[in-house]
Structure formats: structure tokens, C-alpha cells
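Listed here are the chains, written in short residue letters.
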Amino acid sequence: MQIQIDATDGMPIYLQLMQRIKYLIAVGRLSANEQLPSVRKLSDQLVINPNTVARAFRELELAGILITRPGAGVFVSPTASPLAKREQHQLLIEKIDTVLVEARHLEISTDGVVQLVRQRARALGNTV
Amino acid sequence: MPEPIVMIRELTRTYGHKVALDRVTLKIPKGSVFGLVGGNGAGKTTLIKHILGLLHAELGTVQVFGRNPVADPPAVLSRIGYLSEDRDMADWMCVDELLSYTRAFFPDWDPIFAKELLDMFELVPYQKVKTLSRGQLARVGLLTALAHRPDLLLLDEPSSGLDPLVRRDILSAIIRTVADEGRTVLFSSHLLDEVERVADQVAMLNNGRLVLNDSLENIKLRQRVVTIRFQHPISQKPEIPGLLNLGGAAAEWRYLCPDGTERLHESAIRIGAEIVEETVPSLDEIFMGHSAS
Numbered sequence: 000m001q002i003q004i005d006a007t008d009g010m011p012i013y014l015q016l017m018q019r020i021k022y023l024i025a026v027g028r029l030s031a032n033e034q035l036p037s038v039r040k041l042s043d044q045l046v047i048n049p050n051t052v053a054r055a056f057r058e059l060e061l062a063g064i065l066i067t068r069p070g071a072g073v074f075v076s077p078t079a080s081p082l083a084k085r086e087q088h089q090l091l092i093e094k095i096d097t098v099l100v101e102a103r104h105l106e107i108s109t110d111g112v113v114q115l116v117r118q119r120a121r122a123l124g125n126t127v
Numbered sequence: 000m001p002e003p004i005v006m007i008r009e010l011t012r013t014y015g016h017k018v019a020l021d022r023v024t025l026k027i028p029k030g031s032v033f034g035l036v037g038g039n040g041a042g043k044t045t046l047i048k049h050i051l052g053l054l055h056a057e058l059g060t061v062q063v064f065g066r067n068p069v070a071d072p073p074a075v076l077s078r079i080g081y082l083s084e085d086r087d088m089a090d091w092m093c094v095d096e097l098l099s100y101t102r103a104f105f106p107d108w109d110p111i112f113a114k115e116l117l118d119m120f121e122l123v124p125y126q127k128v129k130t131l132s133r134g135q136l137a138r139v140g141l142l143t144a145l146a147h148r149p150d151l152l153l154l155d156e157p158s159s160g161l162d163p164l165v166r167r168d169i170l171s172a173i174i175r176t177v178a179d180e181g182r183t184v185l186f187s188s189h190l191l192d193e194v195e196r197v198a199d200q201v202a203m204l205n206n207g208r209l210v211l212n213d214s215l216e217n218i219k220l221r222q223r224v225v226t227i228r229f230q231h232p233i234s235q236k237p238e239i240p241g242l243l244n245l246g247g248a249a250a251e252w253r254y255l256c257p258d259g260t261e262r263l264h265e266s267a268i269r270i271g272a273e274i275v276e277e278t279v280p281s282l283d284e285i286f287m288g289h290s291a292s
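Protein chains in written order, with numbering that gives the first Met the number 0: chain U, 0 to 127; chain A, 0 to 292.
Accuracy of the hints is not assured; some may be wrong.
Claimed, not checked - Cβ-to-Cβ under 8 Å is the rule here; a few derived chain A residues that face chain U:
{"id": "1", "residue": "V32"}
{"id": "2", "residue": "L170"}
{"id": "3", "residue": "R196"}
{"id": "4", "residue": "V197"}
{"id": "5", "residue": "K219"}
{"id": "6", "residue": "I270"}
{"id": "7", "residue": "I274"}
{"id": "8", "residue": "T278"}
{"id": "9", "residue": "S281"}
What the hints assert, rightly or not - Keeping only pairs whose Cα atoms sit at most 27 Å apart, straight-line, the calculated DSS-like set for lysine-lysine is:
{"id": "10", "chain 1": "A", "residue 1": "K48", "chain 2": "A", "residue 2": "K26"}
{"id": "11", "chain 1": "A", "residue 1": "K29", "chain 2": "U", "residue 2": "K40"}
{"id": "12", "chain 1": "U", "residue 1": "K40", "chain 2": "A", "residue 2": "K48"}
{"id": "13", "chain 1": "A", "residue 1": "K129", "chain 2": "A", "residue 2": "K48"}
For the record, the hints were derived by calculation from the structure and aren't laboratory data. Ideal Cβ positions, reconstructed from N, Cα and C, are used throughout, including at glycine.
Given only the sequences and the hints, what does the whole structure look like? Please build it.
Pasting the structure below:
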């Protein structure tokens, strides 16, 4: 499991970690029932406070994304995959929001943004 | 609430006319990583010396493990692992002599753990301390601070002047200390991105005064950097009550806003200005804000 944490980012580290884990599940790099590294191991690997890792695991467990199997460890919940589509959208939504705010500052209309998106998709040869 | 590991109330210390610590009150909860930051001469080392019982509290009180460290040094010091800023070690000894010498002071010294650390840090037992590199010295110091598995690990500027590999060893030691058995760490540092990575509580000293003392999470939640755009260019630093000026020029100036921006929008409009950008500051920016004021 490869995760990068940026300590100088304004976002609290436990939130960054939660987001990255959700992302890994969303793109299928972590699958249902897969075991996560222990709090100790992950905090050592990422060089972050173990309390922070424990906090992120706890919140993800409350959200039903991870489950703790006593004595065995922390796992991706078997029901985590239906979340994937929504999470994938969520990832894009955050970026779209940033673009829309920027567009408002530059006084470019939403239609203008949509047009630009189409243009870029063509330029990148995006056929999806 | 379990009793805090360190409890300091209204601690004041003066050296002649200079106030080194000015009514400092803070507590370090069990199981936390407490980052102490501040510029040179801000009072960090003076504070640490009070916790070690090397300085007597002139005004105010210091309690470590619920005891006065000056009145009861053995009970307090045997439970602390300390790495000093200047790493004053007997340099005529070789590494294993230094270790057995240090071991004599700590009944709880764990020789197996000490050996593990020796191997992990790739230290040579028969090498003279005098001939060790800066990084090796730091590792020896870290080993002697860790080998009795202290309840409180106290590191004074552990990373200064060290390469990234040694710094990583030090951060790993901090993390492992807390991850195992919920022990407590206090470390002071200039390297604020390290503090942001591993600390859960942060205290910032500026000229002996505590200007920040909160969980890192609350800090990120409440502190903001805002860019304010005035209607007309201003040649002199415009001061806004409650905000710390971070610099700027002409019509746009940046401010550190220590406690949320809810009420700021109204007061900006009142002076004919608007907030054009709002970000969460890094500890570096918070530090700059407080040192510039």
C-alpha cells in the first residue's frame, strides 16, 4: 500500500490518510476483505504519529469502509466496493469545484467551462 | 482524565533583566507527542531544564509524573530518556564503555534492546566517542535515551544539523516510543514540517511567552492565513486588530488569523477591504506571524 502524506498541506494528516485509503479502494488498489498494515507499521512507514493513523482507521470504520477483526487486524469492509463509484465521483467533484471557483474569478461561465472540458478531452484524444 | 505526565503552571524564569519564561502554563498528556517550537532564545531549552529538575522554578510550579523534579530527582530522572542539544558525552570513552557507564544510572536499562539499537544504528562498540561523526553521535545519544524504555522521552533539538537518514531514525524512535505502550514524547525542533508530521500537541514559544498551545488538529481547524485586498494601495503595513501581518505590498496584504475568520468578513468590509484568499497555514507561517509581531 503506497501512500504519500504532505505534512505542510493544510489538510489534517488523518484526513489525508482517510482520503488516500478511500481513493485506493475506489481505484481498486485495495480490494474488499484485504488486510491493511497495522497502526504501528503504517505510522512507521509514513513517519507519522500512530495516534493519527488510529484516528483515520477509527473514522473509516465508523463510515463502514474498514472493519476490525479482533485479534486479526484491520480489513477493507466486504461491502466497501459499492462505495467505489461514489468515491470516484467524489474525487472528481473536489477538483471540479476548484475549477468552478477559479472560473468564477476569471468570469468564465459554466458553459464556457464545459466547452473547455470538451476541447481538452479532444486534445487528449479521450474517447471514453 | 489520567494525570498528565508534565504539568507546568505559571512558570516564570528571569536571567538578570531578560525574561526567559513568562507565566508559561502547559500540560503534556500521557501517550502524546508534544512538539515544542520557537526561535533561538525563545525559552525552549530553559523549559526543558525545568522538566529535568536542572532549574528550580522561581515562580510557578513544575510537576513531572506528579512530582517536583527538583525535590525528587531519582524518581523523576530514572523515568526520563533525555537527548540534549549539545550531546555532551565523555569523548574519551569508547561506545560500549559509554553505554555501560550510562546503564549504571538506570535500573530499568534493557541490555537486549540496547544491543538491538546498536545493531540497527550500525554503531561499532569499540569506536572512540571522540571519533564519531555528528550522525553517529546523535544515534549514540538516542540509544542511551531509549534503552531504559523511559515513560517520557525528551529530545532537545534532536534533528539540528543532521542528514535525512539520521533524522528519519529519530522520527522513527519517536513514533515507536508512542506506538509501544503509549509512552510520551516531548521534542523541541526548528524543523516545523517534522513537528507537523509526528506531533499531536504543539506549543510555540516566542520571547518566553506561550503564543500557541493546542492540538495540531485544532490549530489546522482554527488558524487561517487570509489575503486582504484594500481599495487603494497602502505604503505602510496596515495593522488590523487581532491579526498578525505576514507582509505584502500595495493593495494586497497577508495576515495570520489566529482564531477563525467568521467575524473577519464584516470587519474587512467596514474598512473598505475584502478577503480574496483564505488558506490553512503551515506551522512555518504561524511561526513567521508570531515572530514578526
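Tested hints:
1. V32: holds (5 Å)
2. L170: holds (5 Å)
3. R196: With a closest approach of 4 Å, the R196 (chain A) hint holds.
4. V197: Result: holds, 5 Å to nearest chain U Cβ.
5. K219: With a minimum Cβ separation of about 5 Å from chain U (threshold 8 Å), the hint on K219 (chain A) holds.
6. I270: Hint on I270 (chain A): violated, closest Cβ of chain U at ~22 Å, above 8 Å.
7. I274: violated (13 Å)
8. T278: Holds - the Cβ of T278 (chain A) comes within 8 Å of chain U, reaching about 6 Å at its closest.
9. S281: holds (4 Å)
10. A:K48 - A:K26: Holds, at about 16 Å.
11. A:K29 - U:K40: holds (21 Å)
12. U:K40 - A:K48: It is violated: about 33 Å lies between the C-alpha atoms, which goes past 27 Å.
13. A:K129 - A:K48: Answer holds: K129 (chain A) to K48 (chain A) is near 26 Å, not above 27 Å.
Violation of the numbered hints given earlier is confined to hints 6, 7, 12; the remaining hints are satisfied by the structure.
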